[in-house]
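Undergrad: Residue numbers (the numbering used here), protein chains in the order written: chain R, 1 to 413; chain H, 414 to 826.
Keep in mind that the hints were calculated from the coordinates and are not lab data.
Just so you know, not all the hints are guaranteed correct.
[Claimed, not checked] Quick list of in silico lysine-lysine cross-link-like pairs, DSBU-like style, CA-CA up to 30 Å:
id : chain 1 : residue 1 : chain 2 : residue 2
1  : R       : K24       : H       : K537
2  : H       : K437      : R       : K124
3  : H       : K755      : H       : K597
[Said to hold, decoys possible] Label-pair distances were calculated between CB atoms; the ranges are:
id : chain 1 : residue 1 : chain 2 : residue 2 : range
4  : R       : G375      : H       : N711      : 55 to 65 Å
5  : H       : H710      : R       : R122      : 52 to 62 Å
6  : R       : K383      : H       : S556      : 53 to 63 Å
7  : H       : S556      : R       : S294      : 56 to 66 Å
8  : R       : R122      : H       : K668      : 50 to 60 Å
[As the list claims (entries may be wrong)] Some but not every residue of chain R turned toward chain H, in silico, with C-beta under 7 Å:
id : residue
9  : V68
10 : G74
11 : G77
12 : A131
13 : V218
14 : G398
Where a beta carbon is used, it is the ideal one built from N, C-alpha and C, also for glycine.
Protein chains: 2
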Amino acid sequence: MGSDVYIIGVGMIKFGKFLERGIKDMTKEVLDGVLRDCSLTRDDIEAAWFSNTTWGLYSFQHSIRGQVALTAGGLQGIPVTNVENACASASTALHGAWSAIKAELYDCTLAVGVEKQHNEDRVKVMQSFSAATDVEEMAQRMSRIRMEEQKAREKGTKAPRQDEQGGHSAFMDFYAAGARSHMKAYGSTQRQLAVIAAKNHNNSTMNPLAQYTFPQTVEQVLNDYVVSYPLTRAMCAPIGDGAAAAIVCSEDFLKKHPNSRAVKILASVLEGGSRTGSDNIVERAAKKAFDKASLGHNDIDVMEVHDATAFGEVSAMESLGFCPRGEGGVIAEKGDTALDGKIPVNPSGGLISRGHPIGASGLAQIYELVTQLRGEAGQRQVKRHHIAMTHNAGGTVGAGEAAMTIHILEKTG
Amino acid sequence: MGSDVYIIGVGMIKFGKFLERGIKDMTKEVLDGVLRDCSLTRDDIEAAWFSNTTWGLYSFQHSIRGQVALTAGGLQGIPVTNVENACASASTALHGAWSAIKAELYDCTLAVGVEKQHNEDRVKVMQSFSAATDVEEMAQRMSRIRMEEQKAREKGTKAPRQDEQGGHSAFMDFYAAGARSHMKAYGSTQRQLAVIAAKNHNNSTMNPLAQYTFPQTVEQVLNDYVVSYPLTRAMCAPIGDGAAAAIVCSEDFLKKHPNSRAVKILASVLEGGSRTGSDNIVERAAKKAFDKASLGHNDIDVMEVHDATAFGEVSAMESLGFCPRGEGGVIAEKGDTALDGKIPVNPSGGLISRGHPIGASGLAQIYELVTQLRGEAGQRQVKRHHIAMTHNAGGTVGAGEAAMTIHILEKTG
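Throw the hints in and build the complete structure from the sequences for me.
TA: Take a look at the structure:
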């Protein structure tokens with residue numbers, strides 16, 4: 001195995017809905033930020049991995065998105081690999097930047113994710129979600145949903161509510177169906193989901209870069225409108241824009257550029273799909289990550305998991321093995337996953353409230369955990385911050401998520 | 414440095430224009446082919462890199478193209494990285510599959526490129542080319558070209574001809590401008606370009622998987638219609654569909670699955686852009702590749718270079734250092750680059766005649782050279798076939814190509 005790999009710089013721009021911003025200027029801002037964070041210059045970066053999922057769809061910029069965006073950001077003349085893996089695109093970029101150092105191709109690489117998903121054209125936003133599935137199959141699924149709605153209207157019963165944040169109802173339906181089976185199988189409750197959403201909303205009131213910074217009580221979350229039962233709007237990640245980045249380096253590079261705020265990557269795992277329905281991609285990825293890091297669950301101090309909805313956090317905590325099946329909501333209700341709990345989860349506010357600009361989200365998780373490990377998280381700083389873990393899921397095809405990444409990080413300073 | 418890396422299997426489907434085919438069925442066919450080539454099964458593949466540039470643009474399938482296509486092809490449950498680098502996308506996928514083995518993450522990986530660029534909607538085809546540039550800048554460039562045409566019409570002079578193969582005139586204009594400067598600076602001729610095009614067309618008459626399999630004389634090439642002077646249609650790569658793949662493995666894996674047809678990857682280099690106008694990305698990439706392989710120009714027996722136009726081959730041979738500046742056409746006229754010449758170039762027929770389905774093209778080069786190194790190229794087999802080199806360029810932004818890959822391969826059996 002090659003060199004140990006370190007994250008020496010992280011950057012993130014304020015997440016939100018920015019009709020007036022474009023990929024190029026967001027790229028420049030996050031590039032300036034990540035370099036400032038570690039006092040390096042553009043000349044120090046030897047190669048880059050660029051993540052984005054909507055630029056092609058919205059503006060026909062496919063093929064060399066990273067080169068176009070980075071050139072506009074003043075970074076040129078280096079190898080760029082453009083990667084996509086739906087909601088796990090940005091962490092896939094980090095995995096690429098990490099593995100190239102493992103392979104001893106470079107000493108200092110950049111992973112950057114930039115996303116502009118907010119758009120006044122609702123059809124495009126819907127297409128951006130469909131693109132994270134098999135679009136042929138999704139078209140059929142959407143037809144079935146529309147037919148059910150039509151039937152409900154004909155019978156005079158209430159049609160399922162559509163998400164007014166931009167139409168990503170198909171994915172929300174998918175999570176809602178999971179939540180309903182979970183409630184049936186384990187007696188978990190809608191209130192548990194609301195506790196998770198309220199926790200994440202409240203965490204992000206202390207995160208100045210979050211998309212949402214207003215508090216939400218459990219009651220407020222429960223009383224928000226239903227996107228797809230049992231999920232209310234406040235339990236679902238919003239649509240948004242943003243950028244996040246990390247600079248990764250080898251042991252040699254770190255020796256030449258000593259940095260007490262460096263964070264070591266103990267494991268970087270990318271997993272995919274499922275060969276069978278009974279195979280759980282998250283369990284598989286977690287096992288691999290823990291094995292590579294030679295660590296167990298008790299070693300993890302703080303986490304960012306893929307709460308595309310509050311049920312995503314329930315499901316992640318169980319599949320990652322942090323609690324028995326059925327108890328993902330229970331541990332939240334007990335306060336274990338709160339900022340001052342046993343194992344704080346989503347201190348940034350998570351996808352639900354920090355925001356989820358698809359191609360940037362996985363690196364926003366990294367930004368948060370590096371900030372936590374450094375002890376620089378201000379009001380939302382967790383107490384124990386030696387080892388941290390991310391869980392980032394992307395798309396769906398066949399029997400499970402299409403892509404799954406897990407990173408385990410360790411404080412060095 | 415990690416393990417040596419070998420290509421043990423290659424696959425390619427017949428290139429052409431297939432309105433009736435889709436990405437999914439082409440993926441399945443090339444997957445069956447590459448596995449059959451090395452007597453492995455889908456279960457042997459631990460991770461995949463998937464290359465495509467138009468599926469999102471034509472059919473809204475972004476984000477997880479590889480997972481969707483490979484699942485349809487019967488391959489699931491493995492990590493997939495979706496990569497794009499314009500015309501160098503497929504070789505970027507190979508570079509990813511190679512580097513992950515170098516990093517000792519896997520022992521057996523797949524690189525696959527599948528493209529469906531042919532489309533009855535000319536606007537989409539045009540957009541697919543624009544996407545390989547900065548689309549904002551390209552829109553401005555196209556406006557200027559249209560204005561020049563308008564002026565020419567007003568003056569009663571002849572407007573530049575547009576490419577009837579699908580409208581990739583902007584890129585052809587770019588190559589044509591390069592060719593005209595070259596003619597002015599070095600006294601190179603349109604006939605030299607025709608010699609290259611005729612050579613490549615004739616080579617592909619012996620390649621049953623090529624898009625074009627009809628011969629072209631130098632006179633025929635010169636008399637074909639002018640796309641953008643001095644380039645005639647027969648000097649330009651066509652639009653098309655196709656798929657190509659390679660299975661790559663570690664030394665350990667090769668020991669467990671002995672294979673006398675394995676080919677060793679001596680160098681896999683990805684380069685990007687240019688920081689300045691005087692910096693030549695091809696020279697830079699070539700130097701790196703020769704250094705890594707510890708070889709010189711005289712060691713290379715056979716090449717596939719990026720002849721998006723015949724001038725591309727001229728320019729590549731000079732920048733790669735196989736002849737002095739200005740003599741890229743001269744060596745072709747002398748017959749040096751012919752199938753029985755000193756250094757056969759584009760025995761497959763090259764992009765010009767084997768075809769150039771963008772996201773598959775770089776792996777088609779690999780398919781050809783592995784076939785040549787194995788001595789399995791039939792009628793088009795070159796005599797010396799110990800070491801081979803590919804050159805694959807992608808997109809343009811700023812002062813040079815956006816992406817450039819070079820692979821040097823060595824026969825083992």
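Undergrad: State for each hint whether it applies.
TA: Do the hints match the structure? See the list:
1. R:K24 <-> H:K537: Given pair K24 (chain R), K537 (chain H) holds - Cα atoms ~24 Å apart, limit 30 Å.
2. H:K437 <-> R:K124: 24 Å, holds
3. H:K755 <-> H:K597: 27 Å, holds
4. R:G375 <-> H:N711: 55 to 65 Å: Holds, at about 58 Å.
5. H:H710 <-> R:R122: 52 to 62 Å: 57 Å, holds
6. R:K383 <-> H:S556: 53 to 63 Å: Roughly 59 Å apart at Cβ, these two residues keep to the hinted range, so it holds.
7. H:S556 <-> R:S294: 56 to 66 Å: At 59 Å between Cβs, range holds.
8. R:R122 <-> H:K668: 50 to 60 Å: Since the Cβ atoms of R122 (chain R) and K668 (chain H) sit about 56 Å apart, the hinted range of 50 to 60 Å holds.
9. V68: 5 Å, holds
10. G74: Violated - the Cβ of G74 (chain R) stays beyond 7 Å from chain H, reaching only about 10 Å at its closest.
11. G77: 4 Å, holds
12. A131: Because about 4 Å separates A131 (chain R) from the closest Cβ in chain H, which is inside the 7 Å limit, the hint holds.
13. V218: This hint is violated: V218 (chain R) lies away from chain H, its Cβ roughly 34 Å from the closest one there, beyond 7 Å.
14. G398: With a closest approach of 5 Å, the G398 (chain R) hint holds.
In terms of the numbered hints stated before, the structure departs from hints 10 and 13, listed from lowest to highest.
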